[in-house]
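All letters in the sequence shown, in the order written, are residues 1 to 332 by the working numbering.
Don't read these hints as lab results, they were simulated from the structure.
Careful: at least some of the hints might be erroneous.
Unchecked claim - Cβ-Cβ distance ranges computed for the label pairs, FRET-style:
#1 Val-294 / Glu-120: 28 to 34 Å
#2 His-203 / Pro-245: 22 to 28 Å
#3 Glu-217 / Arg-97: 38 to 44 Å
#4 Ala-149 / Glu-258: 39 to 45 Å
#5 Glu-219 / Asp-42: 46 to 52 Å
#6 Val-294 / Asn-17: 28 to 34 Å
#7 Arg-311 / His-203: 27 to 33 Å
#8 Gly-256 / Asp-130: 42 to 48 Å
#9 Ala-231 / Glu-308: 45 to 51 Å
Unchecked claim - Keeping only pairs whose Cα atoms sit at most 27 Å apart, straight-line, the calculated DSS-like set for lysine-lysine is:
#10 Lys-142 / Lys-119
#11 Lys-119 / Lys-145
#12 Lys-133 / Lys-145
#13 Lys-119 / Lys-133
#14 Lys-84 / Lys-228
#15 Lys-119 / Lys-228
#16 Lys-19 / Lys-194
#17 Lys-84 / Lys-145
#18 Lys-194 / Lys-119
#19 Lys-119 / Lys-19
For glycine and all other residues, C-beta sits at the position ideal for the given N, C-alpha and C.
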Amino acid sequence: MREMPTFLQIEPVGQCNLKCRMCPIQFRTDGEKGALAFIDFDNFRNLVNQFPEISELHLQGLGEPMMHPRFFDMVEFASRRGIKVTTNSNLTLFTRRRAERCVTSGLETLHVSVDGATKETYELVRVGSDFDKVISNVRLLKDIKAELASDLPHLRLVFVLMRLNLHELPGLVQLASDLGVREIFAQHLCHDFKESTLPVQYHPMRDFVDEQTLFNESEARIGHFFDKAMAAASELQVDLRLPSPRPTTRTLTSRGRERCDWPYRGMYFSYDGQAMPCCMIATPDRFNFGSAVVTGAEALWTGPAYEEFRRRLESDDPPEICSSCAVYNGTF
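Generate coordinates for the entire structure from the input sequences, incorporating the hints supplied.
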């Protein structure tokens, strides 16, 4: 019998207050039109309770988690069980009360999405955002942590690398240092969305990703700004994680768990309980294994659809949706 996973990711909200240019949420059509795409709190507790051995829970999907009125209740429920809880946020909906709850709820790590070091670039990528407000909110959280004498939550900036913002990577290192944030996770665009089954509403976003991927950027330009950023990070003592600009030989010759361990170690659920192989797939209308609310998580995890997915991942004929994924190709 396959053991249940120890890592779980749940999408609290299937909506967002922004329209980020590389995010499929703006084209998402699942659920009733106009309905609030929030996970039911009882369904959330039932999902978590189906995983008695989990040690880590990531509360984030496509939407902005802090839109959920009971987001911090979810954090508190899991953290009281001894589960390490992390989340991503655009931090545009932050208030002093939410900053306090970040500390008192037991949140372990907060990843803040900042895809530009300047107001112009950041707001170009994250449509409807306010760069100055985000920076002010990072400072607010730092102040609240100091007031409450807490090291938690740990803060990390997340930077999605694109051709249009590559030149601002060194500036982001300086910005992080100015804010007192010591970690930056820079990543490629997650997926090229070129699977043959891609629902038609996502085609405009696929075109944007194709235009902005670093695969269409010169290695010389990538190397120039990566080197500048790493030099700044070393000088300013910022931990900067950079992706591989191209797939490696090791990645391309490996199979299964060595290439992507998601379907072996963790489960990912949309706000309405649909199970997907990982968060890179993003929306259940692209691929899903069924509803854990209806079927139960263990039945899905050990069921024939999941097992067939793993079998193909270990073969020379992987699932099509994996073949263009940044994790699968070792470039994330």
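Violating hint indices (sorted, rising): 1, 14 and 18
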